[in-house]
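S.K.: Combine the two chains into a complex, taking the hints into account.
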Amino acid sequence: MRHTITFRFCRCISPCLVTMMLISVVLFFSSPSVVSAEQALTGAQILKQVDENLQPGNLEMYRKIINIEPDGKKKEFVLWFLKKDMDKIVTLFVSPASEEGRATLRLGDNMWLYIPNVGKPIRITSMQSVVGGVFSNADIMRLDYHVEYDVADLTEDQDQHLLELKAKTGTVAYDRLKMWVLKEELVPTRIECYAATGMLIKTLHFKDIKDIGDGVVRPAVMETDSPLYQGYKSIMISANLKKRALPDEVFTLNYLSRVKDLR
Amino acid sequence: MQEKSAGLSGEEGPALSWIVAVLVLCLMLGGLPPSPAGASEYDFAIPEADPVPWSFGGRVTARYTWHRLNDDTAGFRRIYAGTDPGSNAHDFQALAELSASWRKSGFQAVLLTHHDWTRTFFDTGWDHAVYEGYVSISPAPNLTLDAGKKPVLWGTGYAWNPTGFLNRTKDPDDPGLNLEGRTFLGLDYIKSFYDSALNNIGITAMILPVVDGFVNTELGENKDVNAAVKLYFLWHDTDIDLIWFNGPDQPHSFGIDFAKNLAPHFAVHGELAVQKDVEIQSVKPNGSTGQITETQVSGLVGLRYLNTHDTTFIAEYYHNGAGYDDFRTAPASALQQRNPGKDYLYVKISQKEPAEILYLNAWMATVINLHDHSFNLQPGLTWTPVTNLEINTRVGIPLGSSHTEFGEKPDRFRPEVWVRYYF
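So the sequences go chain by chain: C and E. Residue 153 in this note's numbering sits at position 2 of the first sequence, and the numbers go up by one each step. Residue 448 in this note's numbering sits at position 178 of the second sequence, and the numbers go up by one each step.
These aren't lab readings, by the way, just hints derived from the structure by calculation. Be aware that one or more of the hints could be misleading.
As the list claims (entries may be wrong) - Straight-line alpha carbon distances no greater than 30 Å define the calculated DSSO-like cross-link-like pairs of lysine-lysine that follow:
#, chain 1, residue 1, chain 2, residue 2
1, E, Lys-374, C, Lys-411
2, E, Lys-374, C, Lys-235
3, E, Lys-622, C, Lys-225
4, E, Lys-374, C, Lys-394
5, C, Lys-235, E, Lys-530
6, E, Lys-622, C, Lys-319
7, C, Lys-235, E, Lys-461
Claimed, not checked - Covered stretches of chain C, as calculated for chain E (at least 3 residues, CB under 8 Å):
#, region
8, 252-262
9, 315-328
10, 367-380
Claimed, not checked - Sample of chain C residues at the chain E side, in silico, Cβ under 10 Å:
#, residue
11, Ile-217
12, Val-229
13, Trp-231
14, Pro-247
15, Gly-283
16, Met-350
17, Tyr-383
18, Ala-390
19, Leu-397
20, Glu-400
21, Thr-403
22, Tyr-406
Treat the numbers as computed from the prediction; the structure is a model and nothing was measured. The C-beta atom is built at its ideal place from N, Cα and C for all residues, glycine as well.
Here chain E stands alone, though its shape is the one from the complex (with noise of 0.2 Å):
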């Protein structure tokens, strides 16, 4: 034994060396450098200069909120009707999207599958869906034509998007989230114009057929055409959007939207949106209801603000032309909208790398409903620690006196982290 760790014996020697030999053989190679680049301080090789057709890619999700309940509200008796939670509730979500796409020459094919499982209070189940799933072929740099499914997002505020008539209710506290496309034939015409006020112009028309249990079911009935057209204006540094919107089961709709950068760190925004012969249920005062229609014209006018301490502030004012005063009078369809009250005001504190964390942002938003003065706090952090991995976490605390807004939620306080790897 002492013999054996103290040399070595006449067969193994020669194995051995060898082995020996090729290690250090592959520690050299491994420590010369790979290409002449490598003698640099740098490493120039940049290989996705080499752009390929085909790509694939995608992102897995998984998220994870407890719902500290207060069954003393019309939140809680609302959605949980007939069940006993007990004071607490969580849902968990795992989700995978995957994308892949194919470009050559003005052509392109892409696809973005949805794949979530969730597990809530009530069920689990698996849902699967094309979020995104169209070609486009553009004849020329400025003229595009695109049929299939693709998300729409028009407007130009953060919280809402009252000239959005055809976009998907997003989160302002996640910009990441993917939203489902809508489907629809489109146009995209762009014209450029030097030494004007006018820079550019730019042209979306779209049509966007109804298909019973296949295409845009939710805007209308089986066989309907809806339309929308979106000019867009750079005038003046100024962006500035008329959009129109129309179909036969559709409020008959048209926006304007505008954005300008006052200062480098200071920008602007609005949208001002009008709805025709909207067709709402009314809660009369015997308590019975009915369908009547009207028009409702909708606002927003924000600002967006960067101090020298990278400290960005928006702050946003919201007129609902569809909200409701009185949440007693409200039907229960327009309860469970994200925001059903009439005025609000969201602003939003966020902080880029505090303490000299680099990729973490800390934010603070708040939604305030100021008919009835109540709120929801949701303070956040978003850190990238590492490339690709995003790690979220926020906690939603509405508060109010009773038959206010955000003091009849269901929720306490809502702790929420999800974390994203992208691929």
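Just chain C, same shape as in the assembly (with noise of 0.2 Å):
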């Protein structure tokens, strides 16, 4: 009896759809947005997505900084944003008038900066910082993190990911990582960098998630304090993100003095 039922069952059922079912069942348990999800992510998986979440592909985005002296004076810079592939990235100064046209160039390790009134643009290090104030170059001109660093170990922290991240190479600003990342928006709440000696040298705090543009959804302010710069805070705010795609020779020296021309 059984028999019979179970052949009449298959019987009333194409093949066509038996396979159907069958993919979509594989495609529903290999799926990225389920599983990630779920615990089931390794950190090099958690940190390529908080990578993609943040700075996803090619685009190009404004970014406010504001520095916040103890005695709460401000000062604020505007930057236009642009990046390629994993290691390109220019940013132009829009105002103050003072710094307007100043452009920076970041080609995987090497970074310059393009002062008009200087003509050649000087290379500068990761360390140093074009707007003074808490942000550095590596802050302002980053690569995704997955570029530079590995992720070392993972754990869980106040229902967060932890990620311990140390980076590839010397050359890297930052020696160590510590990033605590939501488990469902897979972005990053806190990220605090240590030098090799294990001293902090900052703390970079993700606060509002929202569209910044293009239906990219990420943490739109990020705050910075430091021991080293003790009652200043600086503040980075994203907005108005496009996904564009430039020619690789937009990011050269020589296109440094012209990069205007694209806004």
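M.R.: As structure tokens, then:
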């Protein structure tokens, strides 16, 4: 009887439908969107998804940097930020007037600053800061985290993923990072940056998850403070993001003086 | 009087009530957030995100220099010959630089004018010049054609650029100084390579005609045509430039420069220049002068290091192929150059935000003549206390014995302050 029922059941379902159902089941269990909500993600997968959520692919966006002094005095800079692939970044200062036209270029570990009056772009280092305050050049022209760091450990803390990251080479600005990541959204809430000596250099706080343009939902605000700058705070607000692919030639020294033409 | 101050009269009451009501309304409206963005802790509005094709701007600079003079030096006797300035001389400068540009679809037109009023011991007067005035067309992102007057600054050195055959003289301790351009027709081509040790190449080619009383008059005689080419390579994370310059009235010049970051906080750079058939004025033992030609080789090697306390160290050794060992045999024209000697060391130590004072940069620079061991010591401060306002101060202190380059400078010391406002 049971055999008969089974036979009849199978007979009434076409082989095509069975195949589709099987594929659906396989896809369901292998879908990243489903896995992202599970604990099964490895540290490397989490880090890659964090990068994808923060700086998705080739893009342009505006960044407002606000340096706040202990007495509350503020100074603002607005940058136009271009990113291509995993290792090419250009920023152009659009305000204030004293900085307008300055541009920076990052190609992997190489960084340059172009000052219109000086003409020739000069090499700068990742630990310097073109805007003063707590943000370094490495923070402003940050490459994807998974490009510069390996995941050394993955644990859980305060109901968030806690990633311990170790720099892949000695040329990276911070030797170690501790990154707290929201489990659902897979975006960081806090990153502590350490020197090779173990000294805490600064802490980055990520806030205000929202659509910052082109449907990209991520923290729009990054605040930083540092034990090296007691009482000072710097804030970076990201907005007006657009996905945009530009030729490689835009990310070259010769082009820095003309990058403003692309706005 | 007491009544008035205690209360309102019948006629004044309604009028004042209206005023108060309007004021309260204004205050309420003023206190309300201007837009939904204001409801957040942060203002997300970035008006600069809507660029316009036109831009206007500029800056004004006021500069004061005090020369504390030393009348017992060759420099004093040369500069102040036949005059009596006393122990002090004062220079004042008021400078306005105005810029305008228009950009649209790969085309841009740029103008930068320079207007300065200067008062020195010798004279007072205005100077007006066009520092930049050019049009650019970019038919493709990797190709640009320029025509007009535009600054040229080649070389990787901070204090000197032996390969900067077309550079104007710069002030290494005032990098914000605008420099006058050169007039040329130029082409710039860039090519990037993916996954290669050679990441980029760039070709810059320029033609610089001379037209009497109009353009490039310092580069030759009327109708001369000068040419320059620069090839740029980013190879193995190293910037490399090959430079060539020639003209009917110019020495045939070749140069190579490089710059490389060896670590996030450490960079090295260098330049080598060869100039053939350079005409120089020589002073013979009997005191007579004559013209000779020679090949001059100049070079520079330097480094830049940033420590964990945000202290930047820049050091450069410079060999000046056109320099003189003994200034007593140098013609007067050579002594007017910034550094007429043969070998120099430049060291600059700058501290970012000392004593946690934001936007303050304190620095100390020195240029040492390695042949006579005289030197110029120059401490300085740069501070931008508020947006768009920059305050600079420095003191030049030349030190050295008699018959040395800096020992014979006309100033005992030279304090200088300048304030710039950008708009």
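S.K.: For each hint, tell me whether it holds in the structure or not.
M.R.: Verification of the hints:
This hinted pair checks out: E/Lys-374 and C/Lys-411 have alpha carbons roughly 11 Å apart, not beyond 30 Å. At roughly 23 Å between alpha-carbon atoms, E/Lys-374 and C/Lys-235 fall within 30 Å of each other, so this suggested pair holds. About 18 Å separates the Cα atoms of E/Lys-622 and C/Lys-225, which keeps this hinted pair within 30 Å; it holds. The hinted pair formed by E/Lys-374 and C/Lys-394 meets the criterion: a straight-line CA distance of about 21 Å does not exceed 30 Å.
Proposed proximity of C/Lys-235 and E/Lys-530 is supported: the alpha carbons are some 22 Å apart, at most 30 Å. Annotation: proposed proximity of E/Lys-622 to C/Lys-319 holds, straight-line Cα distance about 29 Å (limit 30 Å). Note on C/Lys-235 and E/Lys-461: the hinted pairing holds, with a Cα-Cα distance of about 16 Å set against a maximum of 30 Å. Coverage of a stretch by a chain is defined here by at least three residues with a beta carbon nearer than 8 Å to that chain's beta carbons; for the region 252-262 of chain C and chain E the count is 5, and the condition holds.
For the region 315-328 of chain C, the assignment as covered by chain E holds, since 4 residues bring a beta-carbon within under 8 Å of that chain's beta-carbons and 3 suffice. Counting residues of the region 367-380 of chain C whose beta-carbon sits less than 8 Å from any beta-carbon of chain E gives 3, enough to reach three: the coverage restraint holds. The interface hint given for C/Ile-217 is met, as the beta carbon of that residue sits about 8 Å from the closest beta carbon of chain E, less than 10 Å. About 5 Å separates the beta-carbon of C/Val-229 from the nearest beta-carbon of chain E, less than 10 Å, and the hint is met.
This hint holds: C/Trp-231 has a C-beta 8 Å from the nearest C-beta of chain E, less than the 10 Å allowed. At about 5 Å, the closest approach between the beta carbon of C/Pro-247 and any beta carbon in chain E falls short of 10 Å, and the interface hint on this residue holds. A least Cβ separation of about 5 Å between C/Gly-283 and chain E falls short of the 10 Å threshold, and the interface hint therefore holds. At a threshold of 10 Å, the smallest CB-CB gap from C/Met-350 to chain E is about 9 Å, leaving the interface hint in force.
Below 10 Å, beta-carbon pairs count as interface contacts, and C/Tyr-383 has one with chain E at about 7 Å; its hint therefore holds. Interface hint status for C/Ala-390: upheld, as the beta-carbon distance to the closest one in chain E is roughly 5 Å, under 10 Å. Satisfaction of the interface hint for C/Leu-397 is found here, the shortest Cβ-Cβ separation to chain E being roughly 7 Å, below the 10 Å cut-off. Hint on C/Glu-400 holds. Least Cβ distance to chain E is approximately 4 Å, under the 10 Å limit.
The beta carbon of C/Thr-403 is positioned within 10 Å of a beta carbon in chain E (closest approach about 5 Å), and the interface hint is therefore held. A cut of 10 Å between beta carbons decides the hint on C/Tyr-406: the least distance to chain E is about 6 Å, and the hint holds.
Against the hints set out earlier in the document, no violation occurs for any number.
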